[in-house]
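Line by line, the protein sequences are chains A and B. Under our numbering, the first sequence is numbered contiguously, ending at residue 224. Under our numbering, the second sequence is numbered contiguously, ending at residue 403.
None of these hints come from the bench; they were simulated from the model. These numbers come from a predicted model, not from an experiment. Hints may be right or wrong, so weigh each one.
Far from chain B, by Cβ distances over 10 Å, these chain A residues were calculated [to be verified]:
hint	residue
1	A23
2	H53
3	E83
4	A124
5	L133
6	D137
7	E183
Restraint ranges, calculated between C-beta atoms of paired labels, are given here [as the list claims (entries may be wrong)]:
hint	chain 1	residue 1	chain 2	residue 2	range
8	B	F362	A	K120	47 to 55 Å
9	A	G148	B	V385	35 to 43 Å
10	A	G70	B	L377	27 to 35 Å
11	B	V385	A	E131	38 to 46 Å
Note that the Cβ used here is the ideal one computed from N, Cα and C, for glycine as well.
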Amino acid sequence: MSAPLIELDGVRRVYDTGRVQVAALDRIDLQVASGDFLAVVGPSGSGKSTLMHILGCLDRPTTGRYRLGGVDIADFDDDGLAEVRSRTIGFVFQDYSLLPGTSALENVAAPLLYQGVPRKERLARATAVLERLGLGDRLDHEPTELSGGQQQRVGIARALVTNPALILADEPTGNLDSASGAEVIQLMQGLNRSGRTIIMITHDAEVAQGATRQVHLRDGRIVA
Amino acid sequence: MRTIELLRLGLSRLGHSRLRTALTMLGIIIGVASVVALVSVGQGATSGITSRLQGLGTNLLTVNPGATRTGFTRGAAGSANTLTVDDANAIAALPGVAGVEPEIDSSQLVIAGTSNETAPIIGTSAAYASVRDYTIWLGSFLTPADVTNHLRVAVLGATTASNLGLGQGSIGTTISVGGLPFQVVGIFQPKGTSGAVSADDEVVIPITTMQDHFDNAQSVRTIGVSVASAGQIELVKADIQVTLEGRHGIAPGGVDDFSISDQSQLLQTVGSVTGLLSILLAGIASISLLVGGIGIMNIMLVSVRERTREIGIRKAIGAKAGDIMAQFLIEALAISLIGGLVGIAIGVAATAVIGLIAGWGFVFNPLTVLVAVVFSLAVGVIFGVWPARQAARLDPILALRYE
Numbered sequence: 001m002s003a004p005l006i007e008l009d010g011v012r013r014v015y016d017t018g019r020v021q022v023a024a025l026d027r028i029d030l031q032v033a034s035g036d037f038l039a040v041v042g043p044s045g046s047g048k049s050t051l052m053h054i055l056g057c058l059d060r061p062t063t064g065r066y067r068l069g070g071v072d073i074a075d076f077d078d079d080g081l082a083e084v085r086s087r088t089i090g091f092v093f094q095d096y097s098l099l100p101g102t103s104a105l106e107n108v109a110a111p112l113l114y115q116g117v118p119r120k121e122r123l124a125r126a127t128a129v130l131e132r133l134g135l136g137d138r139l140d141h142e143p144t145e146l147s148g149g150q151q152q153r154v155g156i157a158r159a160l161v162t163n164p165a166l167i168l169a170d171e172p173t174g175n176l177d178s179a180s181g182a183e184v185i186q187l188m189q190g191l192n193r194s195g196r197t198i199i200m201i202t203h204d205a206e207v208a209q210g211a212t213r214q215v216h217l218r219d220g221r222i223v224a
Numbered sequence: 001m002r003t004i005e006l007l008r009l010g011l012s013r014l015g016h017s018r019l020r021t022a023l024t025m026l027g028i029i030i031g032v033a034s035v036v037a038l039v040s041v042g043q044g045a046t047s048g049i050t051s052r053l054q055g056l057g058t059n060l061l062t063v064n065p066g067a068t069r070t071g072f073t074r075g076a077a078g079s080a081n082t083l084t085v086d087d088a089n090a091i092a093a094l095p096g097v098a099g100v101e102p103e104i105d106s107s108q109l110v111i112a113g114t115s116n117e118t119a120p121i122i123g124t125s126a127a128y129a130s131v132r133d134y135t136i137w138l139g140s141f142l143t144p145a146d147v148t149n150h151l152r153v154a155v156l157g158a159t160t161a162s163n164l165g166l167g168q169g170s171i172g173t174t175i176s177v178g179g180l181p182f183q184v185v186g187i188f189q190p191k192g193t194s195g196a197v198s199a200d201d202e203v204v205i206p207i208t209t210m211q212d213h214f215d216n217a218q219s220v221r222t223i224g225v226s227v228a229s230a231g232q233i234e235l236v237k238a239d240i241q242v243t244l245e246g247r248h249g250i251a252p253g254g255v256d257d258f259s260i261s262d263q264s265q266l267l268q269t270v271g272s273v274t275g276l277l278s279i280l281l282a283g284i285a286s287i288s289l290l291v292g293g294i295g296i297m298n299i300m301l302v303s304v305r306e307r308t309r310e311i312g313i314r315k316a317i318g319a320k321a322g323d324i325m326a327q328f329l330i331e332a333l334a335i336s337l338i339g340g341l342v343g344i345a346i347g348v349a350a351t352a353v354i355g356l357i358a359g360w361g362f363v364f365n366p367l368t369v370l371v372a373v374v375f376s377l378a379v380g381v382i383f384g385v386w387p388a389r390q391a392a393r394l395d396p397i398l399a400l401r402y403e
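Just chain B, with the same shape it has in the complex:
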């Protein structure tokens, strides 16, 4: 019998019991929709987190001072004052380093007109914006000349600026930082929150000015290093280690008084966590698809039982086992395929809505859809074959007698 005839026969039955067909399909629809939506959510979350991490700076290495040691007591990491501006200069001279920015922190009262707030003050170099991946909204960032000339200029984070009522037209105005007048030369674009600390609440001034007025120590809190290309990260990391060990008089293999971290470790960790999350979500969704498949099998078995006489009649008038098998299998496949397509539509819509709410946008992976289609067809075959075989193997005599 030709395929088109088999299709017509298999599909004609679906219209006979619409409610039952629809309910059976619902199982598959929910299963496929949840697979598509949850896998996309997993991917969306992964790409959202990854892009946020990359927003912290591209090819960024962070050098932090190590822990203080008093006898046998080890202090918190970063508590030592071992890193200096000279260390930063030495790192800047290494090959493959695109930019270096040492940072000294302070916290000062900032006053602009009638507004005031106590803001984090960061003394740094002209490379800060590029290393930390900040974009200037208004004005410009610190120049190397600002740093060498100890100028009292400041660039404000987006949050700080809006807190102080500064915006368009504020470039060139004077604010008070820790009681001293500073000229506003630039305002950053908002960058978003990383962790608990807002990257947008800060006042950036030249490191030399910082040392002059607020913190005359030579030690720095951290040194950010941007590497020219991702492939050089490991090399630069090793160079920095050797250089700093040499400068600090530490024997190779000894206990360093600093630590170097890069984002690849962080990205790797986050990647494995979100990967696990995706697998978990897909697993949960697959269970609902499995339940939907069992629903198909259940209904098909009932249908075979109900239509035993029909099968007997068809066999008597010349249907071969394969014809009967095909008729029922096509029915199961049609239910699962139509259910799968509707499920994909719903799943994609759900993905768009979730992406909008969660803020990572619409992440759509055609592969997910392909997998979902294949999966739903597989469900149809796997859970349709057995009932169809039952139908095909019925003894025509018994089937004809069946009431």
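Isolated chain A, as found in the complex:
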């Protein structure tokens, strides 16, 4: 068996508030294999977001080791982490986080810009992904002209366009009605079946049922 895609080894993340030190994450050990669909479940304040920031290379562990694809991310500087995000991670956000005043097509093409992909190819790849997600007739729409479900699908398309090893979804259904939310979960299940590794963070036990594996966080520790 090959090495897992993600390996967390005794990861702590401590916030120094000046007077007291708060451990948002405490000795987290976690392995995620390529092809997993993992749900990280926990109430607010359990450290989910901190875990996602570390998994997404937006933040670094205070102590402990995080290996992504076998490489210790402590070896990278900030620009190196940006490169890792650009090449290996696709983010899906609760509030979609699309660039305002920018068309669906340009939004989806944006990550390729930072990979140095030529404009023509960027637009072609973005169009292909949007068409695959059923948004082929919404290419020129700006975020405000799309429904919540459509916006989240644009968000997922943006995460997919770089063909990343890992999709990180932070409460992807949090702002959606249950029908649109179910659609998004089905979409992600489909992606997972076609081999994509997905980590989804949620506080909703029902949404977490959509994943193939769950870990539960409480007070910065994995409890189950």
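Given chain A, work out where chain B should sit, using these hints.
Okay, now just chain B, sitting in the frame of chain A:
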């Protein structure tokens, strides 16, 4: 990321908030336009004044009598009667002297037909026109023969001629000067005003005729000397001093009863004054450019704050700090460069209009434009770097949370 992509990204934003971009640019436009216009005005004024001074005569030295002395009382400069026509002749014999014209003044009633006016009369030599840089419009100037033969001929200044109704066809006619008939042989081109005295209101007659009829003194009011070349001015000046001291019996180093002035002193003084003026104008204009630059910084800081979330998103999807920095810096540079170019156009137009009104013509210095472009780009960089750094250094997590 490639430069062209960065440009596209930086510029695409300018169209999003057109009014704000335009207003920010206005600060730079006004700054650059005023730098270009005011510096050009300074240069125009300088060259205008300089050319007018040079119009008084080329390589001109003026020898004036000194002050009278009565006991310990010193009279006004030029009040003594120490310079003579013979002094002028002696100067004319010096090497490097191209022309000498002694002048004796008078004021006489001049009558032509039914018109009359009391005009300044100048008795001088045939070198007067070339030394004082006059150009003949009609007829010809006095000849050396006119002077040696004591002829009653007159050349009129442009203003005097028009006052008396003389012009085309008046050459060869007779006018009355101080009750005596004089033949008009020439009329000058207008020369313009120098100081309070019009150089065009005068009647020029041979100095010999002047002495015969109006002023039989040997002393002259002034002697104009034109030097063959600018490089010889100092030498000729020294020669004149030695010659006149010798003729007046003054020991070297004693108190001279005459003074020699040249235009280089005047030009130098005027040059330093107008140079100061130019610096002052450029300084004032630079302040408005500085204010424009602060306007850019202000707007860019607001823009970074407003787009914090966008920056967070871009960082999450792989933008490096340098990419973000470049995006904002290009935006600031574009505002300042476009503003600078528009400002140059307006400044050059303003220069043309001011030059037309002030009468020194269109003075255009490409260097000013180059400096203005460089300056506006520098303003963009200086006032854009800090906001762009702020943007680039945002923590992606905080930026993503920012509402």
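Each hint tested on the structure:
1. A23: The claim stands: A23 of chain A keeps its Cβ more than 10 Å from every Cβ of chain B (closest is about 17 Å).
2. H53: Per Cβ check, H53 of chain A is inside 10 Å of chain B; nearest 5 Å; violated.
3. E83: At about 7 Å from chain B, E83 of chain A fails to clear the 10 Å cut-off, so the statement is violated.
4. A124: With a cut-off of 10 Å, A124 of chain A remains clear of chain B, as the shortest Cβ separation is near 16 Å.
5. L133: Non-interface label stands for L133 of chain A: nearest chain B Cβ at 17 Å, farther than 10 Å.
6. D137: Answer for D137 of chain A: holds, closest chain B Cβ roughly 24 Å.
7. E183: 23 Å, holds
8. B:F362 - A:K120: 47 to 55 Å: With Cβ atoms ~48 Å apart, the hint holds.
9. A:G148 - B:V385: 35 to 43 Å: Holds, at about 39 Å.
10. A:G70 - B:L377: 27 to 35 Å: For G70 of chain A and L377 of chain B the Cβ distance comes to about 47 Å; the hint is violated.
11. B:V385 - A:E131: 38 to 46 Å: Check passed, 42 Å falls within 38 to 46 Å.
Checked against the numbered hints given earlier, this structure breaks hints 2, 3 and 10; the rest are met.
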